[in-house]
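Since the structure of chain A is provided, determine the placement of chains B and C on it from the hints.
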Amino acid sequence: MTTTTHERTGTPPTPILEVDDLHVRYGGSHILQGVSFAVPATGVTALLGRNGVGKTTTLKAILGLAPRTGGVALDGDDITRWSVTRTVREGVGYVPEDREVFGGLTVDENLRLVGGDVGADAPVVAELFPDLVNRRAQKAGTLSGGQQQMVALARVLLRDNRLLLVDEPTKGLAPKLVTEVADVLARVAETAPILLVEQNLPVVRRIADTVVVLDAGQVVHRGPAEELMADPDLTRELLGVSMRREARQ
Amino acid sequence: MSDVVLLVVTGLGLGALYFLAASGLSLIYGLMGVLNFAHGAFMVAGAYAGWLTMSGLPASWGVGLRMAVAIAVAVAVGALIGFVVEVVLIRPLYRRHIQQVLVTVGLSLAAVAAVQGIWGSDAHPLEKPRWLASTTDLAGAQVPNDRFLFIAAAVLLFSALLALLHFTRLGLVIRAGVENRTMVEALGINVQRTFSVVFAIGGAAAGLAGLLGGVYANSVSPLQGGAMLIYAFIVVVIGGMGSLTGTAVAAVAVGLVQQLANYYAASGVGDLSVVLLLAVVLLVRPASMQGAH
Amino acid sequence: MTRHLKAFPALALLLLLAYLPYLPVELPGVLPGRLNGPGAMQLLALCLTMAGIALSYDVVFGRTGLLSFGHALFVAAGSYLVAIGMSSLELPLPVAALLALAVTTVLALVVGGIALRVGGIAFAMVTLAFAQAASIIVLRNPGNVTGGEEGRSLNRDLMPEVLLGVTNAPYRYWLALAFVAAAWLAVSWLSRTRAGHAMAAVRENEARAAVLGFDVYRAKLIAVVVAAFLGGLGGIVHAVVLGGSNPHLTTAEFTLSLLVMVVLGGAGSRWGAVLGGFLYTYADSRLVGLSGSTLLESLPGAVGNVLSQPLFVLGTFFVIVVYFAPTGLTGLGHRVLRRERVE
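Those protein sequences? They're chains A, B and C, same order as listed. By numbering that gives the first Met the number 0, the letter at position 65 of the first sequence is numbered 64, and the numbering carries on one by one without gaps. By numbering that gives the first Met the number 0, the letter at position 21 of the second sequence is numbered 20, and the numbering carries on one by one without gaps. By numbering that gives the first Met the number 0, the letter at position 125 of the third sequence is numbered 124, and the numbering carries on one by one without gaps.
To be clear, the hints were calculated from the coordinates, so they are not data collected in a lab. Possibly wrong hints are sitting among the right ones.
Now the in silico label distances, taken between C-beta atoms and shown as ranges [what the hints assert, rightly or not]:
hint, chain 1, residue 1, chain 2, residue 2, range
1, A, S82, C, H333, 25 to 33 angstroms
2, B, P57, C, I319, 37 to 45 angstroms
3, B, L161, A, E225, 39 to 47 angstroms
4, B, L64, A, D116, 38 to 46 angstroms
5, A, R85, C, L184, 38 to 46 angstroms
6, B, A75, A, R85, 32 to 40 angstroms
7, A, R158, B, L64, 45 to 53 angstroms
8, A, H22, C, F7, 38 to 46 angstroms
Per the computed footprint, the stretches of chain B lying under chain C, defined by three or more beta-carbons under 8 angstroms from a beta-carbon of chain C, are [what the hints assert, rightly or not]:
hint, region
9, 102–111
10, 115–122
11, 232–239
Virtual Cβ for every residue (Gly too), placed ideally from N, Cα, C.
Next comes chain A alone, as it looks inside the complex (with noise of 0.2 angstroms):
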């Protein structure tokens, strides 16, 4: 967990997010019906809710890609009326459920896509996903899940990022690369807030600070990770989830 300038300097830290009365249609149904959170500027925070309750349509709100109204804010800057390309370029990086990456182009070239010059010889590859310099020629469809995973991390990494969107990282992975992604995103956390959607609990309780809960559209409980976790009763009835004794720390 890492230390909170708040701890260290006494001063409030401007959350790096701010979300605020936050509405979502399209369709014809209202899914997100005023949702309101802060991310702070360091850590993870978890976005958890159970399913369809709206968490992937907020990281797609606060970014532009689905139709909103309300308030969203990069670190002071009102950002509602930038393009996705803008706010992406500002330093929102963007890591979308199922992955996403682009089927017919090698590893390098989706890496590229991003970094310019620089695809799969960046040094953030190189330190933080090793198993991807090797595959720099392969095509990125014929990556299993989790390789494909790590390219979709990697890729948002080429840029500064002021803030990162992850959505699902670990679904549909096994425990082996369940852990080696939540590892990558706990390293990543030291340089970048990460606003994190997760299903997956025990990662939650690894490497979230701060948990913001949705239900029905709307913010039901926000504060540390550690209370919720800590909780199973609140677990249970906020997420429709028992924590069952943890296989891993």
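Showing chains B and C alone in chain A's frame:
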């Protein structure tokens, strides 16, 4: 035997023309989701620009030289018109695909009518250098030399596009965009800038297709573009929108089928077989309509 | 009760239009000669026929959201089949018409059945290809049946006397009017049926329509077949009004012009389709006449020539409409009315 050789070469020549017309369409739809009906107008523009160049340049230059210049002009005019159309008419309708298609429909009607108004509805004969108009003996068949020109042009275009797609950043963005345009934007890349370039490339290829189509028919006329456009569409659909190799293969297939069927069955049957081929392909493989949406 | 009240404007207009052949009024510039003279009657008959055909296209494009480029196929089928039925098979007009309609409907089932296996743009391309195939067949003139580029005239011996001849233009006018009225009623009825609701749902959001329990494929097929039937009927009327079948009906240009008509008037609206079809046909006919006008002669040669091309004016106007008024004239009209009511 010599019959077959002649048919195959002329079929390939026809396929080459279709590829020239279809490659731009395929890229444009694959990347932008725009069904460009104005592509026929680009072809007519290229054809007429080439014809005007040839008649406008002094006769002392010789037919061959004038034709070479005309080809360059046709390509340039096509590129310019494609670029302007994208920036002025298509871009402001970002993501409103139906409206974009409708605009290209209106543009195609207006452009052809304008050409008819200025130069008349009749076909204007197009001069050809003697070597282009004559034939070469190939395994006993007398093959018209212009077919070789078409094939050469198509091969050149195919190689150039392949190189663009695989060795340049623009090509990388296009390939990624054809797969998943939204994700490219979600990675911070401004895909819209590539649109104008893609339209320009498509326009250039169409302009060339138009002029070479005029060489094939020995004349240029306002309705040539529209006639070729339908086959170009069919080629793109059969080959898979956004796939360059697919378009090339489909173009060859369509050209050969059309030529062979028209000869061995009856004139016109070839044209119908192409339609039948389209129906069959679409029923068997509806996924060939993948592309940006 | 309100349903009948709403029908009042349409009914009033119908009665007014039916009365026109009794009015020897002159509208210089607007119509050639007297209103009930053969020239004007013929023009109005053509405009009304196209209005009805546009309405038939609206069923598939405006109401169901299917971008079909093959509608001209069914219109041409109706027109050519009735001509062939009368000339080659020596059938009297009503029988030939019924035969033409039957064959056109079967054709729609086949083409629609195949084309609807794919969606969106693929569907558009398949319909375009089928229409092109028909165009090829017609122009190649197999067995001299279609008359190639010149078209096929109707067998005068088997036509009812009342529809023949220049002086009987008002009767052809009334026939066209009856056609539009019939098409209008058919479309009104259709929109109130389960199938009609399914079509509207499909147009809104196809995935959602399926989730809501509509049989999407069936709804689309019904739309195609009904549209084809009405289109084929329009083709028959077109042949009667013009005295024969015209290969223009098979061209891509005609197919596209149907699209233009519907969008210009306002897709999805009966008034829109009818107005669009009527005005487009009127403009197309009258703009040709302008080429001799002094206004155009005063312009430099090339500019004047271009502007005298009806399709140039219409195509450009269409682009403008798509840009600034994509809901067409009726959409604009609604906006104006709403503003008036608010104030």
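> Honestly, which of those hints from before does the structure not fit?
Replying inline: Of the numbered hints given earlier, those the structure breaks are 3, 5, listed in rising order.
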